[in-house]
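What follows is the residue order along each chain.
Number of protein chains: 2
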Amino acid sequence: MLESSLSSSQSEASVAPGIGTLFGVGVGPGDPDLITIKALETIRKVPAIAFPAGVNGKPGIAEQIAERWVHPRQTKISLAFPYVLDSDTLSEAWKVASETVWSYLAQGQDVTFLCEGDISFYSTFTYLAQTLLQNHPDLRVEAIPGVCSPMAAAAALGIPLTTQGQKLVVLPALYTVADLETTLDEADVVVLMKVKSVYEKVWQMLNRRNLLEHSAVVEWATWPQQKIYTPLSDRPSLDLSYFSLLIVQKQPFSL
Amino acid sequence: MLESSLSSSQSEASVAPGIGTLFGVGVGPGDPDLITIKALETIRKVPAIAFPAGVNGKPGIAEQIAERWVHPRQTKISLAFPYVLDSDTLSEAWKVASETVWSYLAQGQDVTFLCEGDISFYSTFTYLAQTLLQNHPDLRVEAIPGVCSPMAAAAALGIPLTTQGQKLVVLPALYTVADLETTLDEADVVVLMKVKSVYEKVWQMLNRRNLLEHSAVVEWATWPQQKIYTPLSDRPSLDLSYFSLLIVQKQPFSL
Numbered sequence: 046m047l048e049s050s051l052s053s054s055q056s057e058a059s060v061a062p063g064i065g066t067l068f069g070v071g072v073g074p075g076d077p078d079l080i081t082i083k084a085l086e087t088i089r090k091v092p093a094i095a096f097p098a099g100v101n102g103k104p105g106i107a108e109q110i111a112e113r114w115v116h117p118r119q120t121k122i123s124l125a126f127p128y129v130l131d132s133d134t135l136s137e138a139w140k141v142a143s144e145t146v147w148s149y150l151a152q153g154q155d156v157t158f159l160c161e162g163d164i165s166f167y168s169t170f171t172y173l174a175q176t177l178l179q180n181h182p183d184l185r186v187e188a189i190p191g192v193c194s195p196m197a198a199a200a201a202l203g204i205p206l207t208t209q210g211q212k213l214v215v216l217p218a219l220y221t222v223a224d225l226e227t228t229l230d231e232a233d234v235v236v237l238m239k240v241k242s243v244y245e246k247v248w249q250m251l252n253r254r255n256l257l258e259h260s261a262v263v264e265w266a267t268w269p270q271q272k273i274y275t276p277l278s279d280r281p282s283l284d285l286s287y288f289s290l291l292i293v294q295k296q297p298f299s300l
Numbered sequence: 046m047l048e049s050s051l052s053s054s055q056s057e058a059s060v061a062p063g064i065g066t067l068f069g070v071g072v073g074p075g076d077p078d079l080i081t082i083k084a085l086e087t088i089r090k091v092p093a094i095a096f097p098a099g100v101n102g103k104p105g106i107a108e109q110i111a112e113r114w115v116h117p118r119q120t121k122i123s124l125a126f127p128y129v130l131d132s133d134t135l136s137e138a139w140k141v142a143s144e145t146v147w148s149y150l151a152q153g154q155d156v157t158f159l160c161e162g163d164i165s166f167y168s169t170f171t172y173l174a175q176t177l178l179q180n181h182p183d184l185r186v187e188a189i190p191g192v193c194s195p196m197a198a199a200a201a202l203g204i205p206l207t208t209q210g211q212k213l214v215v216l217p218a219l220y221t222v223a224d225l226e227t228t229l230d231e232a233d234v235v236v237l238m239k240v241k242s243v244y245e246k247v248w249q250m251l252n253r254r255n256l257l258e259h260s261a262v263v264e265w266a267t268w269p270q271q272k273i274y275t276p277l278s279d280r281p282s283l284d285l286s287y288f289s290l291l292i293v294q295k296q297p298f299s300l
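Going line by line, the protein sequences match chains C and F.
Using our numbering, the first residue of the first sequence is number 46, and each one after it goes up by one.
Using our numbering, the first residue of the second sequence is number 46, and each one after it goes up by one.
Calculated directly from the structure, the hints in this document are not laboratory data.
Since the model is a prediction, treat every value here as computed from it, not as a measurement.
Treat the hints with care, as some may be off.
Each pair may be met inside one copy or between any two copies, as identical chains are not told apart.
[What the hints assert, rightly or not] Calculated lysine-lysine pairs in the DSSO-like style (CA-CA distance at most 30 Å, straight line): (1) Lys246 with Lys295; (2) Lys121 with Lys90; (3) Lys295 with Lys239; (4) Lys295 with Lys241; (5) Lys295 with Lys140; (6) Lys121 with Lys239; (7) Lys90 with Lys246.
Just need the whole structure built from these sequences, with the hints factored in.
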């Protein structure tokens, strides 16, 4: 059944208008098999695949995840998105990236942009797509959702992320300790994305609130190098990588 | 490549211990192609497929989503989970469901339980698995994450759900107006799940806060009957189905 589904989609893809379509695809959290059938089709039906470049000469994260699904004959477009906060530097990078992608779209080639996790959840795709749409308002853009890392981390931990009635809060890396205090007052479940740089401060706060027993860190969720740290009681500091998130449950699940 | 991946997983699955393994699989928000390769493998490698029963004699939601991926020869286990809040009624339902599933596991058969969306995100699987584990602590349970509806809705709307630095709050159906007021004070992006029963009250609040222009309702995200309502300014009431969610962005995305 998978076969026929893939081939029907491939024939549909050969309709090429004047300018190509930009597809954005969430390739999932890391395990290549956590990609969706639709994402896979959207990779296979285009001539060109774009993705954020890796650092230090390594392949990018999304590129690594999707490696087995991309055909050697497909054009690879590696786009540099610097890991900085300076908005001028970022705008310039999005502009350069969008011009690179446009050079393919303008020739009528469809381009699929890969991102790690889900395409709408803290993703670089937003900036790329919006920069392109600013200059080319008629561009057709389609987003394909994917599995995001909080869900993957909960599954790896064997816990529900949320159950009936629970309020979930997701905080990205850029939060203050005061933000986190308020959030812990209110939420039932809190996910701290990219917890590396703030882990020690967060640990102190969770310790004060007696929440370390119900907290867990998942590093590289679903990758071969996945690591799980729980409970956190005896771990005031951890040497974490960039892909680490922390889940706090104010009440552990019970029936 | 997909082929070899599927068959290697199938051979691995034929290792049968004394009792079967319970797999929980998120089948995605609705479009059957938004299932992951891993979920598909986990459906195909077991003899028995369980899912929440539908209402009024119709197939269940997860059952409908996965229909094309389940083989006619696989055993179907339809489990009744009443849509009520009474905890005695619910506990009794989980007990009955867990005994049904156990009758297969006890014979050494693996069972894959399907749920709509993601397996850890407001999912019935949690209750089924925990009820089983209470009575059978040695049971092996494995959860496979899936694409959840907020991500699918954002992709359908063509907007980012969250961008750099934004705080996301997800509220399930069971919240008070006061909860929502506090949440809107603090969050950058709010997702209200199952908004049907509270839509009119929510509309009033968003109207008072001038947030209707940045709000959208997505009904049946990624299903053929998907409907999008945005902006909400001229929609003080909507006749929504059970599978409707509302996304509020306090600041619309801009570069």
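Here's how the hints hold up against the structure:
1. Lys246 with Lys295: Cα proximity of lysine 246 and lysine 295: in one copy and across copies (18 Å, 28 Å).
2. Lys121 with Lys90: For lysine 121 and lysine 90, only the intra-copy Cα distance (14 Å) is at most 30 Å; the inter-copy one is 34 Å.
3. Lys295 with Lys239: both (20 Å within a copy, 23 Å between copies)
4. Lys295 with Lys241: both (21 Å within a copy, 28 Å between copies)
5. Lys295 with Lys140: between (43 Å within a copy, 26 Å between copies)
6. Lys121 with Lys239: within (28 Å within a copy, 41 Å between copies)
7. Lys90 with Lys246: So lysine 90 and lysine 246 fail the 30 Å test inside a copy (46 Å) and across (45 Å) alike.
In summary, the one numbered hint that this structure violates is 7.
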